[in-house]
Amino acid sequence: MRAILLFLILIQTRGETIQTCPKYCTCKLGAQAEWLRIKCSNELQNIRDINLDSVSVELVQLDLSKNDIYAIEANIFKNLTNLKRLNLSQNDITFIGENSFDGLGNLERLDLSKNQISTIDAHTFSKLPNLKRLDLSGNNISVVKPSLFHNLLALERLKLNENKLTTLMEGTFYGLKSLKQLDLSNNPWRCDCELYWFSNWIHNSSIKLNPAPKCVSPINIKGEFVKKLKYSENIQCQWLPPTIELRPVNNQVVFAGDSITLKCRAPSITEDRNARLSWLWYPNTTSETVDLNTFLDPQKSLSNIKVDNRYLADSGIVDSSLSIVPVKEEHNGQWNCLLVSVNGNRTKAISVIVISEETRYCPLAVTKNNKGIYTWPKTIVGWRAELPCEGNHLSGLMQMPLKASYQCNITGYWENLNTELCPYISHITKSLEQFSKVNLSLTRISLLESAKKFKNYTGNTIKITDPIEVDFITQTIENYLNFVTEEKELGSMLIDVISTLINVPKNILKKAEISFKSCTRLIKAVEKIIQFTPSIQFYKKNMALEEFRVKRDSFTGLICTWYSNNNPEIRFLQCTTNNRTSPINIKDKIIEASIHLPASLLQYSQEVTAHQLMISVYSNSRLFPKIINNDNMDIPSCVIGSKLYGMSIQNLTEPVYIMLKAPLYYYAGKKLLPVVWDETLNKSGGWTNDGCYLRNVLNNLIVFHCNRLGYYGLLQDTSTFDYNGNSISGAKFRYSNPAIYIGSIATVTCLVIMSVTYIICYTSIAMPKKAKHCVINTWFAMALLSFFYSIGIYQTENIPICQGVGLILHYLSLCCLLWMAVFASNMYKKLSKPDLEDIPDNELQDPPIPKPLLGLYLVGWGIAMIICGISGAINLREYAGYSYCFLTTAPALVALFVPAGFLIVYLSIFHLLIKCSIQNVDMNAQLSEGTQATENMDLELLEPNTNLSVGRNSARSAQTVLSDIDDSEHSQITQLKGQIIILILYLISWITAAAAITKPLSAYISFDETIFATLYSLFSSSLGIFILFFYGIARNDVRSQWLKMGCWFQKRKNQCCRTRSISDANPVIATQSLVQNLVPPMSNSQATQVTSDSNSIGSSRYTNRSQTYNAFKVTDIITSQEVSPVGRKMTNVNLVVLHRQQYRSDNSVTTYIEPTCVEMFYNPHQSGVARKFFRKQRRHTKNNNLGPRKQGDGGAMSDAGSCISVPRSTTKLDSNIDQTILSSSAKIAVVVSQRKEMFQCDLLLVKKVFLEM
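In mature numbering (1 follows the signal peptide of the UniProt record, and there is no 0), the protein residues as written are -15 to -1, 1 to 1238.
No wet-lab data here; the hints were simulated from the structure.
Check before you lean on any hint, since a few could be wrong.
Derived lysine to any residue pairs resembling SDA-like cross-links, with alpha carbons at most 25 Å apart [as the list claims (entries may be wrong)]:
1) 818 - 891
2) 353 - 334
3) 717 - 422
4) 818 - 842
5) 353 - 313
6) 363 - 481
7) 415 - 397
8) 984 - 973
9) 509 - 363
10) 646 - 631
11) 24 - 64
12) 149 - 203
13) 8 - 35
14) 8 - 633
15) 668 - 682
16) 757 - 898
17) 117 - 191
18) 112 - 166
19) 313 - 331
20) 165 - 150
21) 165 - 147
22) 502 - 445
23) 213 - 230
Based on the provided sequences and hints, a complete structural model is requested.
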């Protein structure tokens, strides 16, 4: 296989190739291996026997002469789009159909001579607009239809000699505007009056008859030239053809119901008594029908027709009139008056247009092009409007004014604007046309001078507005290419001209490529200039070229880099012929493109001589237009290419590496596609990614490799481009879906209310300090996230603002999760903290050292800042997408998904740990969630305090003493459930918010944005409402603070309700002796009753009612006794009852001036507080050596479940009480020690209550 490939390369370098040559044919390449000639001869009978598709693009000349081909099938040549010459002579073809030459739009020469052709369809040559030479000689053609040659506007030479033509219908050659030479010789011409028109026509034209045809019949004029028929004295035809007068002269527009009369007469018919006039009708008013056989007799086809014929013998006038009364819609059409006489037949026609209520029109239209500005009037459908060319006054000697036409189709729309016959009105176009028509062979002495004029004229000051101007420039460049080898400076001048065309608007170049193949021809011209201009180096801001001579043995690879030194107007192409990975020092340089050719590029070359290698760079892809644009993909990057002359190399063993700068400041997230230009694709060339693979993305430089030489580019979505291919900064700002605003407003409102409440009433909220900081910061981050998402996600018009919004959204998204993680971590640490160690007797515990809150803020706000800072520093442009302001590509989204995924896993683990810790604590303490207890079950409130009282009704409480208190409103398990719900709602809200922007289901659902926006509104609102309810409405302390704030705003402080929350501050007690306020001793029956009433609390449903009842009962008992004097001794003072009633009151203790006004508190559902209470009691019992009391001493539980206090001697007790209470430095521990029997009874009593619950 390798040997075959080498052989093919050798054959191709000699100018001949059999690689793609069809069977039975011989192929030859042109001088520059740019075009192909094929000759096939093996007695072929069918053209399909040869495979023309293999060479369809390169083929320019096809010779099928001297075969046995008997027919030309339809569309047989449809792929030979570049074919210019076709020779089918000396075959057996008898018939040519309508579609025989479809696809040959560029055909210039067609040879059908010496066949057996007798019939040719009237539309056979209608699709050959560029045909210049047509040879139909040596056939059996006897009749030529008048419309056969009407579309051959470029035809210059026509040969119809050696056929069987006897006459020609008038108008046969009227459409041949460019005809210069006509051969009608060797035909049996019958020179009668039917051929008289030809003699008159050829006499008035400049067409050359070579050789001149001669008459064969009649006998009396045999041998005379047809051209001189009008001067012959032997023909009995009038010197002037008969004339017909038709009245009215112009086309008529009548309304349905009116009448119309047409009159026709032929004067001066004195010698022909048989002359007659007849009327013909054709229903289509818009077609130019010449064949009279298609007309109908109106008297047989229509109604209301009356014809009156007269012959005036004296004056020799034949007269006829046609009346239509009344006119109907069916009378629309062409009305033809036909004169038949011995002197010739003449016709004249007008059109009658009937206007009715059902008539439709094309509206008034204005068109503008390089042929002028035309205003087309309101026209009836089906009609073609004609206007005189705007440039007619510029042409002096014209036989008839040229016209432009515009067709109004049957659907009521304008189409097929035709200004081909009109001259150009633009001076630029006319000047370029003159350059393209200059015969350079006659001006060889001043060749460089004319090239300089052409270069100066087509400089940057010229403005190209029409594709034909690009074609004229291309034609001029191709004319100069023939002299490049003679004038070395000519190549650089022509490349200068081509470099200016790169700035022509993209749509104009695309139209020029579609109509004239101008872009392809320009690229070929560049390659030819480099080939014939050795060692050329050309560097411009939008184009760079360089040519190398390389040998197989010495070639070690080539690296070429196109760059600029911080000035985009000045660019350089630097090449090094080695394998260094860094060809240039990139410091202070902007790399636009780079190509790396492998050292194995020439390994299959067997030639010793040097090869020509071309490196070219184009600043854009306008010379490589994408003709078939069925998507939004195009080439916005620069194009870099390489070409090895004389060799066609594909499937390289080592690929070619290319690096191109990403064309946009950002891109919309779609993957870039590396492509290479394929000349054989889509008939005219196109981009393909076959053999090209993306290798790496280095910031804005894209690296890929391909397995063949060619021109390389990056294909990407061009929806971010304007009409000329320039990048757009971003999509135009648009408002979000209304549901997004509704959900964001609801969420932000709820979160702001809760944040402000917790900040103002910070010390009055019965929660741990760290927990309060965590939830406030979480709400603040969520509120900011919803706010910036709703107002900033579509701020894409300004890139810096869009990038800022994207960074903020990224930062706040992570902050919300981080603060949730901080809350869960602190909650777990609090639950997993071990019990306090035992404190020795007579030793006070040191207060715990408060930990700073800075660590929480460093985690909650700082970690997200580090992540976003790194992400923004690496690739800031990713935060500004085209359609929304956030990260777009998958690599950039890693900065969000990885930290967020880690935090979600972290939260899930800690939630499980918290759940397990709560279950373990409940099992060890044998408590349930509904346990009723209080945390601070000590006697601190009995200690006098000299501080002044603060305002009770103030919205803010005093400074908290214990900052690490438990949440008195929600149990740990309830808090955990609330955090899980918040996390789930947050994640769902953010996912639906992202889906509402990215529209992942747009391919399946047309209204997916509305669906996801509605879901976002639902879940985000649920998140805000849940936080408002869980941390606000469901908490007694928050509700009481709201009530106080409401009273404060209304200035109704005396009417405000008292709070039920546990105060963080120590109550202020009046500095007076407590002994005088103590109640007298109660009887055992009273104590039993109170204790029984206290134990009657059975469930949380009746907590408030039973608490209120017991508190009032105890108060009544106390107030019913007389108050002892100050110095009187007290006996049997039941402090336990007093202590219990104090802590079970609905309200917190705010003063202790009057016992009858003591405010009490009790809060249910405090399992955590209850656990602390029992730990304290166990610790006190251990420190004071308290043991179970004996039966009868109040230490055992009675059958009734009551504990009876036994009166004892109170002499020592009273003195101790006096010393303890009256002393400001007395400790509660002493009182507890003195009352250990009563506390032991109270402890056992409370434990029984909890166990029964």
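Assess, step by step, whether the Cα of residue 149 is no farther than 25 Å from the Cα of residue 203, and give holds or violated. With a Cα-Cα distance of about 16 Å, the restraint between residue 149 and residue 203 holds, given a limit of 25 Å.
Is the hinted pair residue 818 and residue 891 satisfied, with a Cα-Cα distance of at most 25 Å? OK: residue 818 and residue 891 at ~20 Å, within 25 Å.
What's the verdict on residue 818 and residue 842, does the C-alpha distance respect the 25 Å limit or exceed it? holds, 22 Å
For the pair supplied as a hint, residue 646 and residue 631, is the alpha-carbon distance within the 25 Å limit? Violated - the C-alpha atoms of residue 631 and residue 646 are around 31 Å apart, more than 25 Å.
Given the hinted pair residue 353 and residue 313, is their alpha-carbon gap at most 25 Å? Distance of about 38 Å is beyond 25 Å: violated.
Hint check: residue 363 vs residue 481, CA-CA at most 25 Å. Holds or violated? violated, 48 Å
Verify the proposed pairing of residue 8 with residue 35, using a straight-line Cα cut of 25 Å. holds, 6 Å
Please verify whether residue 415 and residue 397 have alpha carbons no more than 25 Å apart. violated, 35 Å
Restraint check for residue 112 with residue 166, where alpha carbons must lie at most 25 Å apart: Answer holds: residue 112 to residue 166 is near 22 Å, not above 25 Å.
Mind checking the alpha carbons of residue 213 and residue 230 for me, to see if they're no more than 25 Å apart? Violated: residue 213 and residue 230 sit about 28 Å apart, past 25 Å.
With a cut-off of 25 Å on the C-alpha distance, tell me whether residue 984 and residue 973 pass. holds, 16 Å
Given the hint that residue 509 pairs with residue 363, does the C-alpha gap stay at or below 25 Å? Violated - the C-alpha atoms of residue 363 and residue 509 are around 47 Å apart, more than 25 Å.
Violated hints, listed in ascending order, are 2, 3, 5, 6, 7, 9, 10, 15, 19 and 23; each of the other numbered hints is respected by the structure.
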